[in-house]
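Below are the chains, spelled out letter by letter.
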Amino acid sequence: MTRTTVRIGGAVLALVVATQLAACNPGTSPTSTPTATRTSSTPTPVPSPTTTSPEDQAAAQAEEVVRNYYRAEVQCLVDPPHTPMSCYDNVAITTELDNLRNSLVSAQAMATRVSGDIEVVSVDRESVDMTVRVPGQAAAVPVVTLSVCRDVSKFNIVDKDGNSIVPPDRKPRGRVEMHVANYKYPDASQWRVAFVVVPKDPSC
Amino acid sequence: MLRRAVAFVTLALVATASIVTASSATAAGPTCSSYGPDGTCLVWAGGGSDPGGGTGPTTGPGTGDGSFHLIQIDGHWCAPSGLKNPQPLPSEPVWQGHTDGAIYGCAVAPKVGPGGLVTADWTIWYWAATPPPPPPDPAVLAQQAVAAMPFVAGQIGLAPPAGGNSMGIVGMPTWMWISNPGESTTGPMTRSASAGGITVTATAVLTRVVWSMGDGQKVTCGGAKAPGTAYAASYGGSSSPTCGYVYTKTSAAQPGQEYTLTATSYWTVSWFGAGASGTIPLSFSRSIQQKVGEYQVIVTNN
Numbered sequence: 001m002t003r004t005t006v007r008i009g010g011a012v013l014a015l016v017v018a019t020q021l022a023a024c025n026p027g028t029s030p031t032s033t034p035t036a037t038r039t040s041s042t043p044t045p046v047p048s049p050t051t052t053s054p055e056d057q058a059a060a061q062a063e064e065v066v067r068n069y070y071r072a073e074v075q076c077l078v079d080p081p082h083t084p085m086s087c088y089d090n091v092a093i094t095t096e097l098d099n100l101r102n103s104l105v106s107a108q109a110m111a112t113r114v115s116g117d118i119e120v121v122s123v124d125r126e127s128v129d130m131t132v133r134v135p136g137q138a139a140a141v142p143v144v145t146l147s148v149c150r151d152v153s154k155f156n157i158v159d160k161d162g163n164s165i166v167p168p169d170r171k172p173r174g175r176v177e178m179h180v181a182n183y184k185y186p187d188a189s190q191w192r193v194a195f196v197v198v199p200k201d202p203s204c
Numbered sequence: 205m206l207r208r209a210v211a212f213v214t215l216a217l218v219a220t221a222s223i224v225t226a227s228s229a230t231a232a233g234p235t236c237s238s239y240g241p242d243g244t245c246l247v248w249a250g251g252g253s254d255p256g257g258g259t260g261p262t263t264g265p266g267t268g269d270g271s272f273h274l275i276q277i278d279g280h281w282c283a284p285s286g287l288k289n290p291q292p293l294p295s296e297p298v299w300q301g302h303t304d305g306a307i308y309g310c311a312v313a314p315k316v317g318p319g320g321l322v323t324a325d326w327t328i329w330y331w332a333a334t335p336p337p338p339p340p341d342p343a344v345l346a347q348q349a350v351a352a353m354p355f356v357a358g359q360i361g362l363a364p365p366a367g368g369n370s371m372g373i374v375g376m377p378t379w380m381w382i383s384n385p386g387e388s389t390t391g392p393m394t395r396s397a398s399a400g401g402i403t404v405t406a407t408a409v410l411t412r413v414v415w416s417m418g419d420g421q422k423v424t425c426g427g428a429k430a431p432g433t434a435y436a437a438s439y440g441g442s443s444s445p446t447c448g449y450v451y452t453k454t455s456a457a458q459p460g461q462e463y464t465l466t467a468t469s470y471w472t473v474s475w476f477g478a479g480a481s482g483t484i485p486l487s488f489s490r491s492i493q494q495k496v497g498e499y500q501v502i503v504t505n506n
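Line by line, the protein sequences are chains B and R.
Start counting the first sequence at 1; every next residue gets the next number (my numbering).
Start counting the second sequence at 205; every next residue gets the next number (my numbering).
Hints may be right or wrong, so weigh each one.
Said to hold, decoys possible - Restraint ranges, calculated between C-beta atoms of paired labels, are given here:
id	chain 1	residue 1	chain 2	residue 2	range
1	R	T334	B	M130	30 to 38 Å
2	R	P294	B	P54	19 to 27 Å
3	B	N163	R	E387	52 to 60 Å
4	R	A399	B	D89	35 to 43 Å
5	R	G427	B	H82	38 to 46 Å
6	R	G482	B	P54	45 to 53 Å
7	R	T411	B	G162	28 to 36 Å
8	R	A399	B	V166	22 to 30 Å
9	R	P294	B	N163	39 to 47 Å
10	B	K171	R	T394	38 to 46 Å
11	B	S86	R	P392	55 to 63 Å
12	B	D79	R	G286	53 to 61 Å
What the hints assert, rightly or not - Listed next, the stretches of chain R that the computed footprint assigns to chain B, with coverage defined by at least 3 CB atoms under 8 Å from CB atoms of chain B:
id	segment
13	291-299
14	326-338
15	344-355
Source of the hints: derived by calculation from the structure; they are not laboratory data.
For clarity, every value in this text was computed on a predicted model and none was experimentally measured.
All residues carry an ideal CB built from backbone N, CA and C; glycine is no exception.
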């Protein structure tokens with residue numbers, strides 16, 4: 001389980017994030033910065049929330065789904081033969097959902113399992129666009145782009161004989177750009193990771 | 205028209221490199237050919253399920269058993285699975301900068317599992333300006349296969365025979381059979397129809413022949429007994445072992461003093477292909493006139 005503390009851009013986010021993390025990260029303390037949304041391992045005090053802009057709400061909800069995404073990435077591959085393909089339905093959509101399903105099918109075919117966890121080290125808000133038009137969608141789709149640093153050093157993948165098959169060039173820590181969308185906005189439960197991009201410089 | 209596909213947009217910046225054809229698969233078992241950022245395997249290969257190789261989108265000849273309509277995208281043979289819904293975000297690399305067209309799915313190494321469920325090794329997403337041509341409807345191909353079957357309603361064999369000075373006798377066995385047995389009349393019959401890289405195979409089996417005897421009674425001869433047994437003099441006055449009847453009243457009260465005897469052959473055509481299957485019922489009838497009389501016992505004083 002990831003243990004982080006939170007420093008939130010916009011004090012209004014503090015309550016939302018504190019609530020969403022409370023279930024899995026007891027003891028975390030919401031904080032604030034004047035500009036970017038960010039979570040880090042540095043606890044900072046935060047003023048009491050007043051109002052929350054739609055953009056800040058979106059960012060907070062997107063961050064929550066990112067954390068759930070990494071939990072699902074691990075949990076859905078712990079026992080692939082007994083994991084339904086719907087395992088990722090609450091964390092991803094469109095191409096990313098198929099990518100995750102592909103990984104489950106691969107694990108089932110190759111008889112691999114995973115252990116450990118993926119630690120979300122930090123989450124930085126890069127942009128929030130509440131007006132994205134997607135073909136076939138009647139309403140605008142809000143999209144939050146987050147720069148996520150995650151630590152995979154404790155995330156292991158083993159074959160049926162227990163031998164690790166982690167690619168030897170995998171870095172223990174790296175940054176990815178996650179695009180989180182809500183196709184059913186304003187339903188706050190419908191934020192999903194739509195796609196993930198590895199930046200040219202993934203170090204963090 | 206299809207354009208070059210981007211299969212895994214999560215690795216967009218290295219997408220081209222991450223799409224590795226399955227030709228490197230070994231016979232030893234499935235191996236991973238593309239990894240996600242966290243080290244999980246996204247694309248596996250093995251068992252020869254994906255032929256791999258080649259470049260650019262083309263229409264394929266179908267899978268080995270001809271059951272799927274395949275196209276080739278970036279070297280992978282796959283079955284188009286239609287428009288993706290919802291469509292991905294416009295900023296996704298899979299759009300390749302296009303603002304027209306749409307994103308479609310394509311299933312690599314599709315298979316038909318228990319219950320007809322179609323599964324695939326993995327799914328490719330690709331951009332196309334226009335929808336890919338729909339694969340042929342297997343049900344339509346099945347109808348084409350059926351149309352190629354030369355069904356003929358079987359000739360009616362009767363003993364005692366119909367017509368002339370012959371007539372059936374009340375209380376005596378009547379034998380009924382198809383007198384010209386063969387592929388067209390008693391089956392089985394198999395035909396195939398192909399289009400767009402898929403093949404549907406249909407097999408017709410005569411399941412039963414229902415005889416309407418003309419006196420209000422029906423006799424059903426089913427399964428292996430459906431064609432009946434041709435009568436021969438050596439059988440004497442015995443009953444048919446497969447399909448027979450005994451009249452209980454004469455046809456004297458019928459128009460022309462004859463019964464109209466109708467044999468209806470019921471067929472079941474079973475078809476499969478392109479991941480689908482089904483059955484088509486067919487029936488063919490033929491009628492003849494049959495006089496049925498009775499023996500009179502005349503007592504004389506001689």
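Consistency of the hints with the structure:
1. R:T334 to B:M130: 30 to 38 Å: holds (31 Å)
2. R:P294 to B:P54: 19 to 27 Å: Cβ of R:P294 to Cβ of B:P54: about 20 Å, so the range 19 to 27 Å holds.
3. B:N163 to R:E387: 52 to 60 Å: holds (59 Å)
4. R:A399 to B:D89: 35 to 43 Å: holds (36 Å)
5. R:G427 to B:H82: 38 to 46 Å: holds (44 Å)
6. R:G482 to B:P54: 45 to 53 Å: For R:G482 and B:P54 the Cβ distance comes to about 51 Å; the hint holds.
7. R:T411 to B:G162: 28 to 36 Å: violated (56 Å)
8. R:A399 to B:V166: 22 to 30 Å: violated (47 Å)
9. R:P294 to B:N163: 39 to 47 Å: Holds - the Cβ-Cβ distance for R:P294 and B:N163, about 42 Å, lies within 39 to 47 Å.
10. B:K171 to R:T394: 38 to 46 Å: violated (59 Å)
11. B:S86 to R:P392: 55 to 63 Å: Because 43 Å falls outside the window, the suggested range is violated.
12. B:D79 to R:G286: 53 to 61 Å: 31 Å Cβ-Cβ, so the 53 to 61 Å window is violated.
13. 291-299: holds (count 8)
14. 326-338: holds (count 3)
15. 344-355: Coverage by chain B is violated for the segment 344-355 of chain R (0 residues, Cβ < 8 Å).
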